[in-house]
Amino acid sequence: MDVGITKEWAWGGATGAGIGVAVIDSGVDPGHPDVRSVERAIALSWDPDEEEVRYDEGPHEDLFGHGTACAGIIRRAAPECDIWSVRVLGERLSGKGVVFAAGLRWAIEQGARVINLSLSTGREDYYGLFHEIADEAFFAGAVLVCAVNNVPAPTYPGQFASVISVAAHDGTDPFTIDCNPTPPVEFGAPGIDIPVPWLNGRTIRSTGNSFAAPHVTGLVARLLSKHPHLTPYDVKTVLRAVADNARLPEQDHG
Amino acid sequence: MPDDLLRDLRRTATDLGPAVMPVGTESLLRALTETARQLFGAAACSLALLTDDETELVFTTAAGQGADDVTGLRIPATQGIAGWVVSSGQPIAISDLASDPRFARNVAEQTGYVPQAILAVPVVSSRRMLGVMSLLDRDTRRPEADQDMRLLALFADQAAIALESVRAFGDLGRVLLTAVAEADSATPDLAAAARRIADEAPGADADLAALAATFATLARRGAPERRLARGVLEQVAAYVERRSPRTR
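Protein chains in written order, with the working numbering: chain A, 1 to 254; chain B, 255 to 502.
Quick caveat, the hints were computed from the structure, so don't treat them as lab data. Beta carbons are placed, not taken as given, at the ideal position from N, Cα and C, and that holds for glycine. A hint or two may mislead.
Selected chain A positions facing chain B (Cβ under 7 angstroms, derived; list incomplete) [to be verified]:
(1) 64
(2) 66
(3) 89
(4) 90
(5) 93
(6) 94
(7) 119
(8) 120
(9) 193
(10) 204
(11) 205
(12) 206
(13) 207
(14) 210
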């Protein structure tokens with residue numbers, strides 16, 4: 001597809017500076033050398049006694065390592081973006097769908113421009129709630145980047161048309177993405193046996209769609225720092241235009 | 255239909271459910287893990303299921319290295335790689351586990367086998383997260399090994415189907431009344447009553463369910479075993495009846 005949009009136009013010279021990127025995950029370790037800094041941190045959890053979501057703003061640790069992995073991957077493409085750690089996973093499983101939704105809403109309301117979701121739910125009960133939130137994000141100008149699951153059944157919000165859904169391909173270059181002609185999975189990014197930051201300052205080799213999504217998140221942050229007025233709709237158009245399997249080699253100068 | 259009748263129906267079905275439960279779920283799950291282990295050329299394959307309160311994962315089935323030690327092991331549902339999988343619903347593979355000395359020591363203490371690599375996928379039904387299926391040290395030089403995550407997810411789906419069917423028999427009363435409620439939209443009062451009664455009572459009594467299942471196992475062996483079981487039960491019941499006044 002030749003529409004005059006190249007990688008150079010999209011993000012050449014950009015760093016992601018000034019763009020708030022929310023990582024909805026297990027927390028982010030700001031001390032990891034690949035993460036370096038976390039600008040905002042909030043931990044959400046389900047209070048079974050009060051039957052409501054608790055919001056604890058302030059530093060927290062990563063309970064699994066996964067949020068740190070995502071933040072480190074995002075930094076590869078957008079070294080100067082603002083990482084917001086929105087911890088929704090790890091304390092308990094009960095109420096996790098509600099906590100996940102609340103964390104997502106918090107990030108949208110606080111003005112995050114890109115939101116990385118490496119988690120999803122297949123529960124039909126949440127279809128309506130997540131559809132509503134995906135619409136809120138779209139109209140607020142927040143780009144939701146979702147790791148798709150490998151299961152054949154639909155998962156939310158990754159299934160919805162307004163989000164950017166990502167699966168792993170076997171490349172390693174963080175600036176190389178593919179588009180998928182047969183949605184709902186729309187994009188492919190590196191996520192197979194790649195080095196990712198983990199707990200205790202370590203780096204491990206890991207595989208999963210949940211590592212592909214943050215590559216795209218980083219690229220979107222980089223794109224928005226250069227072109228801040230793009231809407232989620234525009235962002236998806238640009239990603240399609242710069243996808244490697246949609247371009248001729250001579251089009252690329254980025 | 256009066257509520258009492260619906261309650262009786264629910265109780266009868268719940269008590270009888272385990273007796274008509276399909277046999278062999280445990281062997282099916284064992285066969286699934288062993289087949290997966292061999293197909294993927296893995297050192298071990300295991301299935302860990304969430305407890306009802308979702309606070310722990312229990313390793314119910316395992317094949318291969320460390321299988322005896324890992325079976326029955328309980329771990330918190332919000333820790334480690336298995337915890338990540340059931341929390342996020344996302345599969346994950348890690349190929350250099352042993353590089354983390356703390357991980358290696360913890361696992362070695364629990365199972366006697368320290369893997370280099372793990373592939374873990376969620377076991378999930380359309381209604382709930384059930385657990386996690388894990389492969390340790392699979393042979394990644396096999397052709398098509400890059401499809402392993404997707405393939406293991408198919409095994410996990412099989413496990414989920416078997417587990418959901420067992421759960422349905424274990425809680426037959428609730429399942430039955432929920433079905434009545436969903437089918438009978440023409441008479442809203444009955445549908446509402448069925449739904450309410452399906453929800454309000456607890457699930458099957460674990461002791462009764464186990465008793466019914468044991469009796470069903472005996473009954474499938476033939477008429478003499480059925481008569482024997484019935485005779486023993488009647489004797490026990492008569493004995494309990496005779497001695498109960500003294501225990502009051």
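Here's how the hints hold up against the structure:
Given the 7 angstroms rule on beta carbons, the hint for residue 64/A holds: about 5 angstroms separates it from the nearest Cβ of chain B. For residue 66/A, the interface hint holds, since its Cβ comes within 7 angstroms of a Cβ in chain B; the closest pair sits about 6 angstroms apart. For residue 89/A, the interface hint holds, the least distance from its beta-carbon to any beta-carbon of chain B being 5 angstroms, beneath 7 angstroms. Taken as an interface hint, residue 90/A checks out: its beta carbon lies about 5 angstroms from the nearest beta carbon of chain B, inside 7 angstroms.
About 4 angstroms separates the beta-carbon of residue 93/A from the nearest beta-carbon of chain B, less than 7 angstroms, and the hint is met. Proximity of residue 94/A to chain B holds as hinted, the smallest CB-CB distance being about 6 angstroms (cut-off 7 angstroms). Annotation: interface hint on residue 119/A holds; nearest CB of chain B at approximately 4 angstroms, less than 7 angstroms. Contact between residue 120/A and chain B, as hinted, is supported at the beta carbon level, the nearest pair being about 6 angstroms apart and thus within 7 angstroms.
Given the 7 angstroms rule on beta carbons, the hint for residue 193/A holds: about 6 angstroms separates it from the nearest Cβ of chain B. With a least beta-carbon distance of about 6 angstroms to chain B, the hint placing residue 204/A at the interface is held under the 7 angstroms criterion. With a cut of 7 angstroms, the hint placing residue 205/A at the interface with chain B holds, because the nearest CB-to-CB distance is about 4 angstroms. Because the beta carbon of residue 206/A sits about 5 angstroms from the nearest beta carbon in chain B, less than 7 angstroms, this interface hint is met.
Below 7 angstroms, beta-carbon pairs count as interface contacts, and residue 207/A has one with chain B at about 4 angstroms; its hint therefore holds. With 7 angstroms as the threshold, the beta carbon of residue 210/A comes within range of chain B, its nearest partner Cβ sitting at about 5 angstroms, so the hint holds.
Checked against the numbered hints above, the structure breaks none of them.
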